[in-house]
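Just so you know, the protein sequences line up as chains V and H, in that order.
Counting in the numbering used here, the first sequence runs from 1 upward without gaps.
Counting in the numbering used here, the second sequence runs from 1 upward without gaps.
Calculated from the structure, these hints are not laboratory results.
By construction, the Cβ of each residue, glycine as well, lies at the ideal position given by its N, Cα and C atoms.
Wrong hints could be hidden among the right ones.
Below, a list of computed lysine-lysine pairs in the DSSO-like style, where the Cα atoms sit at most 27 Å apart [claimed, not checked]:
1. K248(V) / K201(H)
2. K268(V) / K58(V)
3. K256(V) / K227(V)
4. K89(H) / K227(V)
5. K253(V) / K83(H)
6. K201(H) / K268(V)
7. K201(H) / K234(V)
8. K83(H) / K145(H)
9. K253(V) / K52(H)
10. K40(H) / K253(V)
11. K253(V) / K29(H)
12. K248(V) / K40(H)
13. K181(V) / K201(H)
14. K85(H) / K256(V)
15. K52(H) / K248(V)
16. K58(V) / K40(H)
17. K52(H) / K256(V)
Which chain H residues face chain V? A few, computed with CB under 8 Å, are given here [said to hold, decoys possible]:
18. S75
19. G79
20. E88
21. S167
22. S169
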Amino acid sequence: MVLSSCSAESKRTESTDKKEKKVEVADVEEPARSSYFAIPSPKQMFTFINANGVEYNKSLVNDINAADNYTDPSKKALVFGVYTADLAYVAAYQDVEATLKLYKTVRKLSIDLQIEELMTDEMMENIQVNMENPDSLAEIAANSYYNAVEHLEDNGQEGKLALMSLGGWTESMFITMNAIKDVDLGSSAVRRIAAQKITFNNLYAYLAMNDDKLGVKEEMEKVQRIKDVFQSLKKGAPSKSKEKKGGKLVFGKGNKIQISIEQYLELKSAIEMYRSQIVTQNI
Amino acid sequence: MRQFILFFGIVLTGLTSYAQTECSQFHRKGCSDNDGVFMKYDSQSKSAIMAKGQTSEFHVVAYGGQDYRVSVCNSEILGGEVKYKIYEKQRVLIKPEEETNDESSNESTEDYSSDSYEDYSDSYSDDSYEDAPAGNTGPKFKLVKELLYDNSQDSYSPFIEFTAEGSMSLIVEISVPGEESKMKLKVRETGCVGVLIEHIKSQNTGF
């Protein structure tokens, strides 16, 4: 998943008044130096933990029946991210029944985000046809996420996209950290969690560039505790990271991000607290 | 006249939107014609519209223990020699005696002493909270972009394969050749640029 922003248009609002239209025209006239921030999709995280022996725990996904109860626009975007991550999780672990249910849920929520046309009956049929093919199932589930990202980006809805991405990333962290039963700091799964420091940096940068849109600033304030934990994680001393090994380029030697058990637990707690804030229904 | 400007604006907005939609899948179609080993599609892949003379930065994460292939492709209209460089972002403390030293030619740096995201002003400060002090009075840090790869030094290769031994914050900097047009309307001078990222778990070799 990629989050993009042109530096010259980073403060553009989602308003459709004439003034804003003028800015869009200016963007065509003067292509600016632009920056794109990529966030790996939840599917990537779940495929990784599945391959590394982390067991499936269906109870970690958000209650499907709660989907109708979110009414606040920014919460809808966040929750859409949560459910798409849930969809990626159940698909990655080949739970066909849950995949179908969650697909319907995500589709329902997509109507509120006006992207329902991207989640067609044909895709639903594809899920049923590919029940015996787990890779295809995960792929179809992932495509609904990519399509949503591309649609929001192409239509200048960076605020919704930022919140959806935050919701999806938070849910993937929540599920991953709670699915890991015994925390082994040397394991691939825990190393991948520590490496989320980099992913979070890119995500936070994108939020910051869109902090004038749809509740983004408020969410940035809520993730300060997560930010603080990541800030406390140290990286191995920077060294010349380019090396050729048997004709192969090797980058990032010594770039290990260190995490202690205390930091891990603090991060888990911060993620759980924020996830709870996201999925708590409107009163 | 006002109606004409409004109409013109709507047409241009429509064209931009159409072009974006047309470009959004470009990397899937245009970047995958190398004969390398099979790797999985990485969701960080992206296509964008770029203009001649434009430079874009693409911030990605490479996770340790993975092999990556980054392929860059572009529409014919943008020419055959699109340059790309891969940098690693690293943030290092400036020791007092280093503050006046020149930087190595392979690195570009940016000094700052604030860690506030409220001060966010450019694409590099996304890493600016790391190990930073509160306020402006603490030690100074510099953000180092270490050049890892430059395809212009590699016969303009459209792709690079590498192993990420540790997790890294990377910038893929893409430059489309040509001078920026003086024309106000650049629709004809823009094209799609795709960055296809693929990955696979690194294989341990040897005994």
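Hints and how they fare:
Among the hinted pairs, K248(V) with K201(H) is consistent with the structure: their alpha-carbon atoms are about 15 Å apart, no more than 27 Å. A distance of roughly 18 Å separates the Cα atoms of K268(V) and K58(V); the hinted pair therefore holds under the 27 Å criterion. Note on K256(V) and K227(V): the hinted pairing holds, with a Cα-Cα distance of about 19 Å set against a maximum of 27 Å. With a C-alpha separation of about 18 Å, the suggested pairing of K89(H) with K227(V) holds against the 27 Å cut-off.
Proposed proximity of K253(V) and K83(H) is supported: the alpha carbons are some 25 Å apart, at most 27 Å. For a cut-off of 27 Å, the pair hint linking K201(H) to K268(V) stands: about 26 Å separates their Cα positions. As the CA atoms of K201(H) and K234(V) are separated by approximately 24 Å, the hinted pair is consistent with the 27 Å bound. For a cut-off of 27 Å, the pair hint linking K83(H) to K145(H) stands: about 17 Å separates their Cα positions.
For the suggested pair K253(V) and K52(H), the alpha carbons sit about 36 Å apart, so the restraint of at most 27 Å is broken. Of the supplied pair hints, the one linking K40(H) and K253(V) holds, its CA atoms being roughly 23 Å apart against a limit of 27 Å. Proposed proximity of K253(V) and K29(H) is contradicted: the alpha carbons are some 33 Å apart, above 27 Å. A hinted pair counts as satisfied when its Cα atoms are at most 27 Å apart, and K248(V) with K40(H) qualifies at roughly 19 Å.
A C-alpha spacing of about 23 Å is found between K181(V) and K201(H), which places the hinted pair at or below 27 Å, so the restraint holds. Between K85(H) and K256(V), the direct Cα distance comes to roughly 23 Å. Compliance with the 27 Å bound is thereby established for this hinted pair. The hinted pair formed by K52(H) and K248(V) fails the criterion: a straight-line CA distance of about 33 Å is larger than 27 Å. Simply put, K58(V) and K40(H) have alpha-carbon atoms about 26 Å apart, close enough for the 27 Å limit, and the pair holds.
As the CA atoms of K52(H) and K256(V) are separated by approximately 38 Å, the hinted pair breaks the 27 Å bound. Interface restraint check: S75(H) against chain V, minimum CB-CB distance 14 Å, threshold 8 Å, status violated. Given the 8 Å rule on beta carbons, the hint for G79(H) is violated: about 16 Å separates it from the nearest Cβ of chain V. Satisfaction of the interface hint for E88(H) is found here, the shortest Cβ-Cβ separation to chain V being roughly 6 Å, below the 8 Å cut-off.
Given the 8 Å rule on beta carbons, the hint for S167(H) holds: about 4 Å separates it from the nearest Cβ of chain V. Taking 8 Å as the C-beta cut-off, the interface hint given for S169(H) holds, the closest approach to chain V being about 5 Å.
Checked against the numbered hints listed earlier, the structure breaks hints 9, 11, 15, 17, 18, 19; every other hint is satisfied.
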